[in-house]
Amino acid sequence: MASGIPAGPAAAVKNEADLVVIVSSRSPVSALRPDQVAAIFLGQTARFPDGLEAVPLDQPLGSKLRDEFYERVASKTPALLKAHWSKMVFTGRGQPPVEAPDSAAVRRRVAENPELIGYIERGALDASVRPVLMVR
Amino acid sequence: MPQHTSGRLLSFPLLAFSMLLGAAAHARDDAPGAGAEPAWSLSGFGTIGAVHSSERKADYTASVLKADGAGATRSWSPNVDSRLGAQIDLSLNRRWSAVLQVVSEQGLDNSYRPRIEWANVKYQATPELALRFGRIALPMFLTADYRKVGYIYPWVRPPVEGYGALPFTSSDGVDASLRWSVGKVRNASQLFYGRDDVDLVAPLHAYARNIVGLSNTADWGALSVRANVISAEVTTDIGAALFNGFKAFGAQGASIARRYEIDHKHARVASIGVNYDPGRWFLMAEASRSRTDSLLGATRSAYASGGLRLGSFTPYLSVARVRATSPTHDAGLPVAGLPPALAAQAAQLNGGLNLLLATIPQQTSQAAGLRWDLATNMALKLQYDRVTPHHGSRGTLINPTPAFRSGQTAQVASVALDFVY
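Chains as they are written, first to last, in the numbering used here: chain A, 1 to 136; chain B, 1001 to 1421.
Simulated from the structure, these hints should not be mistaken for lab results. Bear in mind the structure is a predicted one, so any value in this text is a computation, not a measurement. Relax, there's no trap hidden among the hints.
Rough simulated footprint, nothing fancy, chain B against chain A, three-plus residues with beta-carbon under 8 Å:
hint, segment
1, 39 to 47
2, 72 to 78
3, 90 to 96
Keeping only pairs whose Cα atoms sit at most 16 Å apart, straight-line, the calculated EDC-like set for lysine to aspartate or glutamate is:
hint, chain 1, residue 1, chain 2, residue 2
4, B, 1265, B, 1197
5, B, 1265, B, 1237
6, A, 64, A, 99
7, B, 1184, A, 35
8, A, 64, A, 102
9, B, 1247, B, 1237
10, B, 1066, B, 1199
11, B, 1265, B, 1233
12, B, 1265, B, 1293
13, A, 87, B, 1277
14, B, 1184, A, 50
15, A, 87, B, 1089
Glycine is no exception: its CB is placed at the ideal position from the N, C-alpha and C atoms.
Bound-form chain A, shown alone (with noise of 0.2 Å):
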């Protein structure tokens, strides 16, 4: 389902559904656990495991890439995940992810702001950010 970095066997089949969950280059979180990604994306927690605060920030909704990351990341399908977050909105405990346009915005936020945590395709990453974890 999903393993820690770095990026798995060059070898493999170029995958356009391979995921990279992504911190600023400036920050210090250096790996993550499928579940920990999970938890602050569903919003059941704020922090990174070190106690930094972390802000997720989610591609479009109904974006292969996002359907995929939710489907690997938290075994949630869209109408889950709207369940979920229906469930959230409306008992006032929280607001669902703010959303970027794409990967290359994704990517740039993130970059800016090490309290940022996003995910983008493993072929949109570059020097400005820190895989955290490689969602297959």
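Fit chain B to the given chain A structure using the hints.
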């Protein structure tokens, strides 16, 4: 009608809400990072439902705060599940936010007049600790604080057996929520204090004072466990005339009145629920007990439900039960030896008391249903229930006609379209 009337307590959050709204309209981006900008959002939910019941001598319904349902009043009823809700969320900055949620559904006055379900101002003291001032829905059972949002759960409605005991569904006051972790177990704890006023069928009222409760949800991967305890001091004028009659019968009558009248009586509800949901299937189970030293009596209820997710279809099965753990019959005043006129009066009072005691719910039910997710914000549900009140009780049915008999199974068919936006 079930309109909450504690306007004095609600005026603070409503005033604060409008002040925050004004501030949000004028505020500048004063902090970096997501969530720092003043923002507001509008969301909502609703259900369009219809229910049919084969039991024509009483109404099947989902709540004691409904005027009618399916069965006696009409064979198909839209009033059991249909509702519309709207919510405004306001976020001023990382610390201050406010919520206002209004729901329109049938109430005891048989109108769909909207009522305020949530209205509070939240102060996020730390990422873990939040304080709220204003109205919250009471977190009883697994689903009570979001039971109006049908889209969230698999069924047409949460099992009705758990909700029959008390008419109180919200608290005007303060609450504190704390998120904390132990290893991989993530907890959300909520401690609350408040009050609730409910208008029953005019001119009856119900008051809850010193509502104190604790709710804890523990999530560990696909497993979620929620435990709740609530205590309150409850007063209502239900049966007041009856108890005045008893008090006229000397010490023995006064003692019966003291035992059953709902006058500053301590009410307690405790529940524990488990939800295991790895995605492809789910299992839920919950047990609860409620106790009031009054004619509301003491009950234990439980249910279990499971379902499979096959693409956009979720077939599910449920069983539920509620039973009385306090006496549902009282011998009342001794009639023997009284002069005939007084004996007839005493017999009438005894009869009235036992009619009230028979409303303590005792019921079993089984349900089978299918949820069809039509879109990521809309689900169509079909459900078939077999509902059987037992031991002289009318169960969770309301408006029984004189011909109603306990022990007969009502077959209930429901269709509901749930949506969120």
